[in-house]
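Asks: Single-letter residue listing:
Number of protein chains: 4
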Amino acid sequence: MSKIVTIYHSGYGHTKKLAEAVHAALQGAGADAELIAIDAEGNIADGAWDTLSAADAIVFGSPTYMGMASWQFKKFADASSKVWFVDGWRNKIMAGFTNSASMNGDKHSTLHYFATLAMQHGGIWVGPALKPSNTKSAVRDDINYLGSYMGLMSQSPADASATEAPTQGDLATAKLFGERIVEVTRRLAG
Amino acid sequence: MSKIVTIYHSGYGHTKKLAEAVHAALQGAGADAELIAIDAEGNIADGAWDTLSAADAIVFGSPTYMGMASWQFKKFADASSKVWFVDGWRNKIMAGFTNSASMNGDKHSTLHYFATLAMQHGGIWVGPALKPSNTKSAVRDDINYLGSYMGLMSQSPADASATEAPTQGDLATAKLFGERIVEVTRRLAG
Amino acid sequence: MSKIVTIYHSGYGHTKKLAEAVHAALQGAGADAELIAIDAEGNIADGAWDTLSAADAIVFGSPTYMGMASWQFKKFADASSKVWFVDGWRNKIMAGFTNSASMNGDKHSTLHYFATLAMQHGGIWVGPALKPSNTKSAVRDDINYLGSYMGLMSQSPADASATEAPTQGDLATAKLFGERIVEVTRRLAG
Amino acid sequence: MSKIVTIYHSGYGHTKKLAEAVHAALQGAGADAELIAIDAEGNIADGAWDTLSAADAIVFGSPTYMGMASWQFKKFADASSKVWFVDGWRNKIMAGFTNSASMNGDKHSTLHYFATLAMQHGGIWVGPALKPSNTKSAVRDDINYLGSYMGLMSQSPADASATEAPTQGDLATAKLFGERIVEVTRRLAG
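Residue numbers (the numbering used here), protein chains in the order written: chain A, 1 to 190; chain B, 1 to 190; chain C, 1 to 190; chain D, 1 to 190.
Chain A on its own, in the form it takes in the complex (with noise of 0.2 Å):
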């Protein structure tokens, strides 16, 4: 049985609940899985640590904020310099999501610093793998709407709260996100 760990920041309630909506995905497809929250001021219980380590896939959340995953997401990944020097985390499948107000507003900036952070341990990492919905026909509520490859992307206006955001196609898509990261960890974690 796969152990997957989702950890994540939110600061709002969005990215908690697509975090919430992974999670689900993941324990839908059978992984025994963790969700971790990154608190307000960017720490996590010392037990996580342990958490994390004993995990096959870690799966990094953050809001994307002026550009970038929040400063207390970058926190947990600067603390994870301690792991970094023992090859702690190597070998681990990684994938990730990120929310953001605006269609684009740099979400791609977060998930390529998540696969940057996972190069650095030796991760190996995972898209959502789908295609994106692009015709004239087109519905926001479609998989994949946001059309993001690098991991899973939504939006949230930004008059919304984390009741009416994520959106129902956002978080479909994060179902069948969290269902390719049990796939891929079962054929690589067996």
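Simulated from the structure, these hints should not be mistaken for laboratory data.
Treat each hint with caution, since some may be false.
Since copy identity is lost for identical chains, a pair holds within one copy or between any two.
The list that follows gives simulated cross-link-like pairs (lysine-lysine, DSS-like), each with its CA atoms no further than 27 Å apart [unchecked claim]: (1) Lys3 - Lys136; (2) Lys16 - Lys131; (3) Lys175 - Lys136; (4) Lys175 - Lys16; (5) Lys131 - Lys175; (6) Lys82 - Lys3; (7) Lys82 - Lys131; (8) Lys16 - Lys136; (9) Lys82 - Lys136; (10) Lys16 - Lys3; (11) Lys175 - Lys3.
Chains B, C and D: place on chain A using the hints.
Replies: Coordinates of chains B, C and D only, in the frame set by chain A:
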């Protein structure tokens, strides 16, 4: 009078339409503007290199294909290495735009490449500097609905002809983008 | 036995030498390896597409010219859109390498592009997972002296022939990179 | 007289030394320059925001930790969202520098982030515009030995104190970088 050259490649006509909108905005704002198309083999006329060298500002345009500017644009960029050796484009204002079928579709990747190319040439990079339209009441034809900052993005559905897309909103965004390029070029180039 | 294809473009021979070092490492580690060169016009033989489709892993290689993979490599990437439409490379292991004259020289940009291309194809990305050599006692021929994570980097002085560079250190790094690709491909592809 | 603010975070003193070199060059070239340090908690004094708002140019500096600017820098960037809402930094010249232990070490990633941040703020991006030193006769203390274009890079061995590194070559490169920022700021800001 600022001399501004828009140089672009277009595969199916959407980027051409976007290029024409930027070009018209440059002219409308009082620039001495030229529009140069990179052909289907990635070439431009010999004289076009002189036109580029004489410009105060250069605006790059390309569709995003397979996550990056088209090979035809890249062939032009590679050919610009001759100019690079002699610092021929140093201190020119540079900017860029791209179109693809998806909302994201890795357009960010193309715009970051344009900025990378600009920095290799010693250029000065200008983005659209437009606030995104990203509230619940946002509609597709709003200015900067796509939420792009590094350059201008437009999105044309995969099955839309070049008469159908880019849409009015993206073309109106292109107009403001062109006006901004003229404003900044004037301040820098006098 | 894992089938692994290295596909590359080389302008002056340095990237070719690097490609051969990766290829030899793949063979040495027991893979059924093939080496395909993209020609000076950006084309590959028709049969090469079948070879790629049959692979468990694909390794991309290109020089970094003007801040990105060469136009010939991009022409190949653009041509792979036919494969993209039918998900022909889904779940293949993918990795990449690049060479340029400077220590940095925007090689990062090329490697990030390779990962972007891989994610569009639904691939699974693997980096070298090698610690950098970056203490005061580090020397140019150390493993991963360049400190790259997203893929393999080599640096060949602008006036060095392909018999002089890449140097032994970069080639030794290429060997470890190839061995890692085989190791991960075996675990995923069986 | 151009007002130019260098704002940076430094963890171990190397980036501080680089920041001081840039700052000295700004002063030496006749700018009204200020140097602001982001503290270990990612904060700056309240008055520092006013200083930034009054500037003609802002230069960002941070070490590259785990593939990106430090969390302290990012905390500052996130806090700048208040300025973003009111377009407080629109049209300022912006530039950036970073230091890390490896030759590459994903410094490109940090510099691209700085440019992303600048574009969100409607800034105008300037790089060092320095040719790289990359022939066989190149030595570590040459100008732009690292071959960076998007901003200034320096490399300080992992076990070198801030009195040992950055080296003279990187500091000399910082001087030219500062001078260029003054030159471009003068042309734009008058």
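Asks: Cα distance capped at 27 Å. Does Lys175 pair with Lys3 within a copy, between copies, both, or neither?
Replies: For Lys175 and Lys3, only the intra-copy Cα distance (17 Å) is at most 27 Å; the inter-copy one is 32 Å.
Asks: I want to check one pair: Lys82 and Lys136. Are their C-alpha atoms no more than 27 Å apart within a copy, between two copies, both, or neither?
Replies: between (49 Å within a copy, 21 Å between copies)
Asks: My question is about Lys131 and Lys175: at a cut-off of 27 Å on alpha-carbon distance, are they close within one copy, between copies, both, or neither?
Replies: Within. Shortest intra-copy distance 15 Å satisfies the 27 Å Cα cut-off; inter-copy 31 Å does not.
Asks: Quick one: Lys175 to Lys16, C-alpha cut-off 27 Å, is that within a copy, between copies, both, or neither?
Replies: within (14 Å within a copy, 38 Å between copies)
Asks: Evaluate Lys3 and Lys136 at a C-alpha cut-off of 27 Å and name the case that applies: within, between, both or neither.
Replies: Intra 40 Å, inter 38 Å, cutoff 27 Å: neither.
Asks: Between the shortest in-copy and the shortest cross-copy C-alpha distance, which are at most 27 Å for Lys82 and Lys3: within, between, both, or neither?
Replies: Answer is within: at 21 Å inside a copy they meet the 27 Å cutoff, but 36 Å across does not.
Asks: Indicate which option fits the pair Lys16, Lys136 if close means a Cα-Cα distance not exceeding 27 Å: within, between, both or neither.
Replies: Only across copies: Lys16 and Lys136 sit 20 Å apart there, 31 Å inside one copy, limit 27 Å.
Asks: One pair to classify: Lys82 and Lys131, alpha carbons no more than 27 Å apart. Within, between, both, or neither?
Replies: For Lys82 and Lys131, the Cα distance is within 27 Å only across copies (14 Å; inside one copy 37 Å).
Asks: As a check of your reading, is Lys175 near Lys136 (CA-CA no more than 27 Å) within one copy, between copies, both or neither?
Replies: both (25 Å within a copy, 24 Å between copies)
Asks: From the Cα coordinates, with 27 Å as the cut-off, is the pair Lys16 and Lys131 best called within, between, both, or neither?
Replies: both (25 Å within a copy, 26 Å between copies)
Asks: Given a CA cutoff of 27 Å, do Lys16 and Lys3 count as a within-copy pair, a between-copy pair, both, or neither?
Replies: For Lys16 and Lys3, the Cα distance is within 27 Å only inside one copy (20 Å; across copies 41 Å).
Consistency note: the structure conflicts with earlier hint 1 alone.
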